[in-house]
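S.K.: With chain H held as given, fit chain L onto it using these hints.
The chain contents come next:
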Amino acid sequence: DTAVSQTPKYLVTQMGNDKSIKCEQNLGHDTMYWYKQDSKKFLKIMFSYNNKELIINETVPNRFSPKSPDKAHLNLHINSLELGDSAVYFCASSQLSSGALDTQYFGPGTRLTVL
Amino acid sequence: GDSVTQMEGPVTLSEEAFLTINCTYTATGYPSLFWYVQYPGEGLQLLLKATKADDKGSNKGFEATYRKETTSFHLEKGSVQVSDSAVYFCALSGRGGADGLTFGKGTHLIIQP
Numbered sequence: 001d002t003a004v005s006q007t008p009k010y011l012v013t014q015m016g017n018d019k020s021i022k023c024e025q026n027l028g029h030d031t032m033y034w035y036k037q038d039s040k041k042f043l044k045i046m047f048s049y050n051n052k053e054l055i056i057n058e059t060v061p062n063r064f065s066p067k068s069p070d071k072a073h074l075n076l077h078i079n080s081l082e083l084g085d086s087a088v089y090f091c092a093s094s095q096l097s098s099g100a101l102d103t104q105y106f107g108p109g110t111r112l113t114v115l
Numbered sequence: 116g117d118s119v120t121q122m123e124g125p126v127t128l129s130e131e132a133f134l135t136i137n138c139t140y141t142a143t144g145y146p147s148l149f150w151y152v153q154y155p156g157e158g159l160q161l162l163l164k165a166t167k168a169d170d171k172g173s174n175k176g177f178e179a180t181y182r183k184e185t186t187s188f189h190l191e192k193g194s195v196q197v198s199d200s201a202v203y204f205c206a207l208s209g210r211g212g213a214d215g216l217t218f219g220k221g222t223h224l225i226i227q228p
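From first to last, the protein sequence lines stand for chains H and L.
Just so we're aligned: 6 in this note's numbering is position 6 of the first sequence, and the numbers increase by one with no gaps anywhere.
Just so we're aligned: 121 in this note's numbering is position 6 of the second sequence, and the numbers increase by one with no gaps anywhere.
In case anyone wonders, no lab produced these hints; they're calculated from the structure.
Accuracy of the hints is not assured; some may be wrong.
[Said to hold, decoys possible] Below, in silico cross-link-like pairs of lysine-lysine (DSS-like), each with a Cα-Cα straight-line distance of 30 Å or less: (1) Lys220/L - Lys67/H; (2) Lys171/L - Lys220/L; (3) Lys67/H - Lys171/L; (4) Lys71/H - Lys41/H; (5) Lys175/L - Lys40/H; (6) Lys19/H - Lys175/L; (7) Lys41/H - Lys220/L; (8) Lys41/H - Lys175/L; (9) Lys22/H - Lys36/H; (10) Lys44/H - Lys183/L; (11) Lys167/L - Lys22/H; (12) Lys167/L - Lys44/H; (13) Lys44/H - Lys19/H; (14) Lys40/H - Lys220/L; (15) Lys171/L - Lys192/L; (16) Lys175/L - Lys192/L; (17) Lys41/H - Lys183/L; (18) Lys41/H - Lys167/L; (19) Lys44/H - Lys9/H; (20) Lys67/H - Lys40/H; (21) Lys67/H - Lys183/L; (22) Lys192/L - Lys19/H; (23) Lys183/L - Lys167/L; (24) Lys192/L - Lys44/H; (25) Lys19/H - Lys40/H; (26) Lys220/L - Lys44/H; (27) Lys36/H - Lys67/H; (28) Lys9/H - Lys40/H; (29) Lys44/H - Lys22/H; (30) Lys9/H - Lys22/H; (31) Lys19/H - Lys167/L; (32) Lys36/H - Lys175/L; (33) Lys71/H - Lys44/H; (34) Lys67/H - Lys19/H.
Extracted from the complex, chain H is given alone in its bound form:
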């Protein structure tokens, strides 16, 4: 009964390739997020989606594109991978209510290594 799941858990690929990371939540939440955790463990928001609309886009390169086929899924597609994209990517979800942030639930993370 995993609340937020991500696939794959590990992804090793060559520079220049295109890859996708999938995220699914079964909590019925209306907002999903992608975060990047660098090698120093620093976490930074990349995107959030609310009811299939992009709410924020934190100055990430346009090689990164979130795609949400429905409210329960927010996939991350990355074009032309670069060495600097190596990191752990976390998906999260929450239920926004009355304009207040409810608890965000995180997936287990995807460790991306670009060679």
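M.R.: Positioned in the frame of chain H, the structure of chain L alone reads:
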């Protein structure tokens, strides 16, 4: 913009010691405040939260109080265990919740038997 500052680690303590991890924040308005914990090789788990000034969040023996006057949300535990070894992140929510969380840089806690 919003920011969160945590004490730098690693923090190394002996089992049963008292723990404090400092966290201060800068934000417009009245954010909600969170502590998340990341055990080795795992994702982030919510440890506790507080949504308004003077609220105290608590869980698993950990506590933190939302102090608006000092813009702080320090994490405390009276007696740590080896199993508490992890990375602890202080975070705040932005306006309306839709901005996602702003995290501190994390504090690596190591508890020695």
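S.K.: Looking back at the hints listed earlier, which ones does the structure fail to meet?
M.R.: Per hint list: 3, 6, 11, 21, 22 and 31 violated.
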